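The opening position of the sequence shown corresponds to residue 1 in our numbering, with each subsequent residue numbered one higher.
Treat each hint with caution, since some may be false.
[As the list claims (entries may be wrong)] Simulated pairs of lysine-lysine, BS3-like, Cα-Cα distance not exceeding 27 angstroms:
1. Lys-60 / Lys-46
2. Lys-33 / Lys-84
3. Lys-93 / Lys-33
4. Lys-125 / Lys-100
5. Lys-54 / Lys-71
6. Lys-54 / Lys-100
7. Lys-46 / Lys-71
8. Lys-1 / Lys-84
9. Lys-84 / Lys-71
10. Lys-1 / Lys-33
11. Lys-33 / Lys-54
12. Lys-100 / Lys-46
13. Lys-60 / Lys-33
14. Lys-125 / Lys-33
15. Lys-125 / Lys-46
16. Lys-46 / Lys-93
17. Lys-1 / Lys-46
18. Lys-84 / Lys-100
[Claimed, not checked] Label pairs and their in silico Cβ distance ranges:
19. Thr-104 / Ile-44: 35 to 43 angstroms
20. Lys-71 / Asp-17: 28 to 36 angstroms
21. Asn-59 / Ser-29: 38 to 46 angstroms
22. Thr-115 / Thr-11: 20 to 28 angstroms
23. Met-14 / Asn-101: 20 to 28 angstroms
24. Ala-28 / Ser-52: 37 to 45 angstroms
25. Met-14 / Ser-72: 36 to 44 angstroms
Rather than coming from a laboratory, the hints here were simulated on the basis of the structure.
These figures come from a predicted structure and were not determined experimentally.
Heads up, the beta-carbon is just placed ideally off N, CA and C, and yes, glycines get one too.
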Amino acid sequence: KNVRDMELENTHFMSPDGYDAADQYTSASDLSKIAIEAYNNETIRKICGTQSEKSGTLNKTWVSTNALLDKSGQFYYQYCVGMKTGSTGLAGKCLVSVAKNGDTECISVVLNDSTDEQRWTDAKKLLQFGVE
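Given only the sequences and the hints, what does the whole structure look like? Please build it.
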């Protein structure tokens with residue numbers, strides 16, 4: 001689904017990559033709507049829920065920047081099933097994340113945190129509230 005066709009109330013994109021641009025803005029509410037659409041796509045869901053992936057043809061391993069997926073890390077959250085990190089000078093540290101516990105699913109949107117640690121902590125608290 002094209003975001004132009006979604007009923008977003010507080011979003012104006014100027015740049016396709018999401019980096020800071022004049023007159024570009026969005027809201028947590030609109031990002032959650034976009035995340036729901038993305039999460040409903042099986043391919044995107046699989047990619048965004050993968051902690052690491054080794055290339056079959058290149059000597060390369062891609063590692064997710066979502067610390068909630070890292071089973072060996074201090075911010076790991078067992079019910080997190082993925083989504084996407086981001087950060088820019090204007091937006092700060094951001095994370096859209098999804099948790100699933102049984103039949104209960106929750107999307108969390110964290111915007112403008114000042115540190116990575118705060119981003120992971122805030123997202124984990126929101127997801128825990130939603131699925132536990």
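Outcome of the hint check:
Note on Lys-60 and Lys-46: the hinted pairing holds, with a Cα-Cα distance of about 19 angstroms set against a maximum of 27 angstroms. Between the alpha carbons of Lys-33 and Lys-84 the distance comes to roughly 14 angstroms, so the proposed pair stays at or under 27 angstroms and holds. Restraint check for Lys-93 and Lys-33: the C-alpha separation of about 19 angstroms stays at or below 27 angstroms, so the hint holds. For the hint pairing Lys-125 with Lys-100, the CA-to-CA distance comes to about 14 angstroms; that is within 27 angstroms, so the pair holds.
Our distance criterion of 27 angstroms between C-alpha atoms is met by Lys-54 and Lys-71, whose separation comes to about 17 angstroms. Only pairs whose Cα atoms come within 27 angstroms are accepted, and Lys-54 paired with Lys-100 is accepted, the gap being roughly 25 angstroms. Taking the CA atoms of Lys-46 and Lys-71, the gap is about 17 angstroms. The hint holds against a cut of 27 angstroms. Only pairs whose Cα atoms come within 27 angstroms are accepted, and Lys-1 paired with Lys-84 is accepted, the gap being roughly 18 angstroms.
Taking the CA atoms of Lys-84 and Lys-71, the gap is about 17 angstroms. The hint holds against a cut of 27 angstroms. Pair hint Lys-1 plus Lys-33 holds up; C-alpha atoms about 11 angstroms apart against a cutoff of 27 angstroms. With a CA separation close to 31 angstroms, the supplied pair Lys-33 and Lys-54 exceeds the 27 angstroms bound. With a C-alpha separation of about 14 angstroms, the suggested pair Lys-100 and Lys-46 falls inside the 27 angstroms cut-off, and the hint holds.
Taken as a hint, the Lys-60 and Lys-33 pair is broken in the structure, with Cα atoms around 33 angstroms apart against an allowance of 27 angstroms. Simply put, Lys-125 and Lys-33 have alpha-carbon atoms about 20 angstroms apart, close enough for the 27 angstroms limit, and the pair holds. In summary, the hint linking Lys-125 to Lys-46 is supported, as the alpha carbons are separated by about 23 angstroms, within the 27 angstroms threshold. For the suggested pair Lys-46 and Lys-93, the alpha carbons sit about 23 angstroms apart, so the restraint of at most 27 angstroms is met.
For the given pair, Lys-1 sits about 18 angstroms from Lys-46 by alpha-carbon distance, which is consistent with the 27 angstroms threshold. With a C-alpha separation of about 16 angstroms, the suggested pair Lys-84 and Lys-100 falls inside the 27 angstroms cut-off, and the hint holds. As the Cβ distance of Thr-104 to Ile-44 is approximately 21 angstroms, the hint placing it in 35 to 43 angstroms is violated. The hinted range of 28 to 36 angstroms is satisfied by Lys-71 and Asp-17, whose Cβ atoms lie roughly 30 angstroms apart.
Against the hinted window of 38 to 46 angstroms, the Cβ-Cβ separation of Asn-59 and Ser-29 comes to about 42 angstroms, which satisfies the hint. Here the CB-CB span from Thr-115 to Thr-11 is close to 26 angstroms, well matched to the stated 20 to 28 angstroms. The hinted range of 20 to 28 angstroms is not satisfied by Met-14 and Asn-101, whose Cβ atoms lie roughly 37 angstroms apart. Range check, Ala-28 to Ser-52: about 28 angstroms between beta-carbon atoms, so the 37 to 45 angstroms window is missed.
Against the hinted window of 36 to 44 angstroms, the Cβ-Cβ separation of Met-14 and Ser-72 comes to about 38 angstroms, which satisfies the hint.
When the structure is compared with the earlier hints, violations turn up for hints 11, 13, 19, 23, 24 and for no others.
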